[in-house]
Every structure is written in structure tokens, then in C-alpha cells.
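Sequence lines, in order, name chains A and B. According to this note's numbering, the first sequence is numbered sequentially starting from 62. According to this note's numbering, the second sequence is numbered sequentially starting from 71.
For the record, the hints were derived by calculation from the structure and aren't laboratory data. Using N, Cα and C, we set each Cβ at its ideal position, and we do this for glycine too. Each hint should be verified, as a subset may be incorrect.
Said to hold, decoys possible - Computed far set for chain A versus chain B, every beta-carbon distance over 10 Å:
{"id": "1", "residue": "L74"}
{"id": "2", "residue": "W283"}
{"id": "3", "residue": "L417"}
{"id": "4", "residue": "F512"}
Said to hold, decoys possible - Keeping only pairs whose Cα atoms sit at most 20 Å apart, straight-line, the calculated PhoX-like set for lysine-lysine is:
{"id": "5", "chain 1": "B", "residue 1": "K117", "chain 2": "B", "residue 2": "K156"}
{"id": "6", "chain 1": "A", "residue 1": "K535", "chain 2": "B", "residue 2": "K93"}
{"id": "7", "chain 1": "A", "residue 1": "K354", "chain 2": "A", "residue 2": "K438"}
{"id": "8", "chain 1": "A", "residue 1": "K535", "chain 2": "B", "residue 2": "K156"}
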Amino acid sequence: MTDNPVAIALVLLIVGISIAVTIFSRRFTRTTADFYVAGRAISSIENAFALSGDYMSAATFLGIAGLVWLYGYDGIWYSVGFFGGWVLLLLFLASPIRRFGAYTIADFVSGRFHSKKLRLAALIGTILISVFYIVPQMVGIGDILGVLLGWDYVMAVAIAGILMTVYVVVGGMRATTYNQIIQCVILWTAMFVIIALTLQKFGFSYNNLLIQVGAYENPGMWLNFQNSFSLILGLVLGTAGLPHILIRYYTNPSGKAARWTTVGTLLIIGTFYMMAPIAGFGARIFLGDGGGKNTALPLLAQYLAGDPLMGVVIAGAFAAILSTVVGLIIATTGAVAHDFYTNLINPQASEEKQILVAKIAAASVGLFSILTGIIFKGFNVAFLVGLAFSIAASTFFPVLLMGTWWRGTTENGALVGLIVGMISSTGIIATNLLGLHELQNPAIITVPLAFLTIYIVSKLDGQIPPDTDEFMRKVHTPTDE
Amino acid sequence: MSNKKNKDEDTDSTGELIATSFKLSVSLGIIFLAMVLILPVLNEYAKNLMLTDVYGNFTVTYLYTAIFIFIIGWIIPLYYTLRTDKREEEYNDR
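The shape of chain A in the complex, shown without the other chains (with noise of 0.2 Å):
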């Protein structure tokens, strides 16, 4: 495993490539404007296979196979939880949160309430929600270059991590785009290339899979109903929440465009989520026990057709990992440098000046995920994935939708009930992993508690935004589109 030169080669490629798109992009990259959302001038179809990228990270590319493999159907509530979300997503904000065009989601909760105390709350849950989702895909980063390719664990995360960092501070959101529509078409490659080789060992009959696999079609084998049931509804309701998800909305021309942009991500992110399962059920087929819940794709891919394949395997997650880490650098670097320096620090700051804070701010989260993901090496990081999403459903997305659609929402209402869900999201899952409940995702508390909150501090509060109709109409109407 330690002596793949297809794979060595493809990763290899992946990072000349990326160069290559960050000095192209570099000339894009003049304001504040085009560091954060490219101009605003990525088309609909551009925005839809770079946010597919950026979703798709290597818990989507390895995590969903390998779960199926140790899990069969359970494993498959991962697929539907991470689609369903963008669903949600497109009907309740993706035209709002585009026509209102900032740069951040705390610009758009200060907006909407005019707050520095709500700004100063969503700048943390942005860093939070974006520091656990950071670290697993840098430990995941490592691992495949360190255990897959056989590089040190720390060269190849120091690597990794120079590399998204360069582009990011170079190229900002204009290279960052295009790296992420170029990973994505490679994983979705990979994936399709897999699952056309598993179905030809069937005579590519799906149903014949099927009878291959028995028992493991059906559900029950890890999550019980309640931990299913709140599994799912904090996948769903968490997506519409990432932070660096709805940051790419402020990308698209318009809110019609987004529209489309969110369409076109559930064709491209759904056909995979239907591929995932397959190739999970392939690696039961043939592999049996010696899968592994992170290893069972690239494995299956070897058996398959042997290394080459392997390599394109680990070419694709390597492709999952960067343009995620990215995405999630980006939104920090927005959070650090827009939100805290700019807006709380020095409001008078110029452009050149709040570039190179951008820059700056970029340069050091990207070192603090290189750090990150040598601290937390063989560490079991699965949960800070689930921790990212919960906080995200249980802090932004209430929020977030009761501020565009109840012009009752109080700037009370919004603090208190993003407090509230952030500190029981976290609460439930830290008291969860000490043993002391097997409430694994706390989702099905949280997310009405702090809907809840919202709702009844903002009717004690009574305190409505004056310009609150202004911002409704701003935000729903589709002026000059």
C-alpha cells in the first residue's frame, strides 16, 4: 500500500493543478469583494459543482461507504441526512440570504438586528462550527497520504495544509471556486468509476447486489429508532446551517441564481449519495470483514482493479478533503478578519488594509489547521463531525430562518435562542460521550429548544428591528433580477 505510483502521481497532479488555477485566479483578486465572493460572478452551474465540492468532504467520499460496509441500510441515513438538507436550504434562505449580499452570516444577522452582541455570537459559532469540521478532515488528510501512500503523518498534513492555505490567501473565493468544481467532477468520477466496476461483477443488476448481500439491506443493525430519528433531523436541519455552505450563496449573480446553484447541487450531490451505498454494499460483498470504516473504498477499489484504481480512490478523497478545508478556511478567515477586525475593530479600515487582514487571517487559520491536525492525530474524530452539524441546526439555522420569515423576531430572541442551542447542542454531546445518556445527536431536543427560545424571548422582548419591513422586502423581493 505504501508504493502506488498511480496514486502518487494523481495527487500529485491534484496539487499542480491547484497551483496552477490559484496563480490564474490571482489576477481576479483585487477587493474585498472578489477575496469573499468572487465578485459576485460565479454562474448557477459554476456555484453548483464547486458547492458540491465543498459539501462533498471525505466523511461524503469514504465515510458513507465505509458506515454502509460495517452497517449495511443504517449507514445509508448519512446519504439522506446530508441530501436533505440542501432541500430546506433552497425553500426557506437560499434567495434571501443571496439578495441580502454581504460577506459572512454574522453580516447577515447584524443586518437583519443591527447587533455587535449578535455579530460577536455568530462570529463564534461560525469558528466553532468550522474548528470541528476542520479537524477531522486534516486527521483524515493525514491518514490517507500518511497510512494509504505511506508518507509521515506530519509532512503530509503540513503539506496539505500549505497548499489550501496558498490558495486561499492568493487566489481567495475566485481560486477556491474553481479548485473546488475541478475536485468535484474527480470524486464524483471516482465514485461512478466504482460502482460501474461493482455492478459489472453482477451483470449490472442492482437487484442481484441485493441478493448478495442479505441481512444488511435492512435496518436496525447500529441506530435504534430515537437515535435514528435524531440522527436525521440534525444531518437536515445542520446543513442549512454550515456556515461555510451559505457563505457560497453570496457568490451567485442573483437570488434566481441561487435558486438554480441549489438545484443543481442536489442533482450532482444526490446522484452520489445514491452511488455511496453500492459501493458499500460491494465492499461487504467482497472484501467480508476486512474492510475498515474509512478504508473500505479505497480497499474495494484495489480488489476491483488493483492499484491503479486505488489511486484514483485516494486522488478523490484527497480532492474531498482540499476543497472542504478550504471552504471552512474561507468562512473562518470571513469570521476572524470581516466580522471581528473590520466591523468590531477598526470600522475605518481601508480596502487594501482589510485584504491584507483577510490574508493575514487566512495565512493563520490555515497554519492553526495544520497544528489541529497534527494534535488530534489517531484520534477518534468522527464526533466532531456530528458536533459541527448539531451546533449548525441548532444555532444558525433557527435563527436564520426566523429572522428572515417572522418579522416578530426580536434581536433578544435571535441572541438568546443562539446561546441557548449552542450551549445544550454541546452540552448534550460532551455529557453523551462521559457516558452519562445515549442520546448520541442531540438534534431532537435542541432544534425545538432553540426554536422555542427564539420564539418566546422575542414575544416577551416585543423590541422588533424599525427597519425590519425594509429588510423583509430587501431580502424577498427579487429586485433588479
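Once you have looked at the hints, place chain B on chain A.
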């Protein structure tokens, strides 16, 4: 006077657009969420039905979870997007 009347009409049509958008989003959102969240409920309380073979070895629950829900997740967004595009065009034409 005429300006005030125009402003009132504008406010009315905006309010109407928001109310219609909300109604459509909520209806479709509830339908989709119900179709997703009903799955673990049926798996728990209607096991025999969900494990019935409907096509070869495809059980009701597998067909629904691994294929049908994604198709629903394409149809609802497409319907919503086309409806919203049309409504917004009408709004802009006023």
C-alpha cells in the same frame, strides 16, 4: 398623494409576495420533512410492511431510502424553483 398610493400598492404587492413565498416554502418543506422523518417511524412501527419485497430483492424501506427519497428531493426543488421564477417575473412585470 399619488406617491403615497404607489407606495401603498408596492407594500401590498411585496407583502403578498412574501406571504405566497412563505406558504409555498412551508407546504413543500413540511411535505419533504415528513417524507424523510416518517422513515425511521415506519421502520420501527411498521416493520413487516417496510420489509416487504416490492421489486426483486428491493424492500419497501430500501427502495424508499436509497432511491425514492432522492427523486422526491429533485422533484420538489424543481417545482419550487419554476413556480418561484414565474411568480417573481409576474411581480417584476407589475
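_The output says F512 of chain A does not contact chain B. Does that hold with a beta carbon cutoff of 10 Å?_
At roughly 14 Å from the nearest Cβ of chain B, F512 of chain A sits farther out than 10 Å, so the non-interface label holds.
*asked:* For a C-alpha distance cap of 20 Å, please report whether K535 of chain A and K156 of chain B respect it.
replied: Cα-Cα ~19 Å, so holds.
*Going by Cβ atoms, does W283 of chain A stay more than 10 Å from chain B at every point?*
holds, 12 Å
*Could you let me know if the closest chain B CB is still more than 10 Å away from the CB of L417 of chain A?*
Non-interface label on L417 of chain A holds, nearest chain B Cβ at 39 Å vs cutoff 10 Å.
*Quick one, are K535 of chain A and K93 of chain B close enough, alpha carbons at most 20 Å?*
holds, 19 Å
*Given the hinted pair K354 of chain A and K438 of chain A, is their alpha-carbon gap at most 20 Å?*
Holds, because 17 Å separates the two Cα atoms, which is no more than 20 Å.
*Against chain B, does L74 of chain A keep a CB gap of more than 10 Å to every residue?*
holds, 31 Å
_Agreement of K117 of chain B and K156 of chain B with the hint, judged by alpha carbon distance not exceeding 20 Å_ = violated, 43 Å
Hint check: a violation occurs at hint 5 only; the rest are consistent with the structure.
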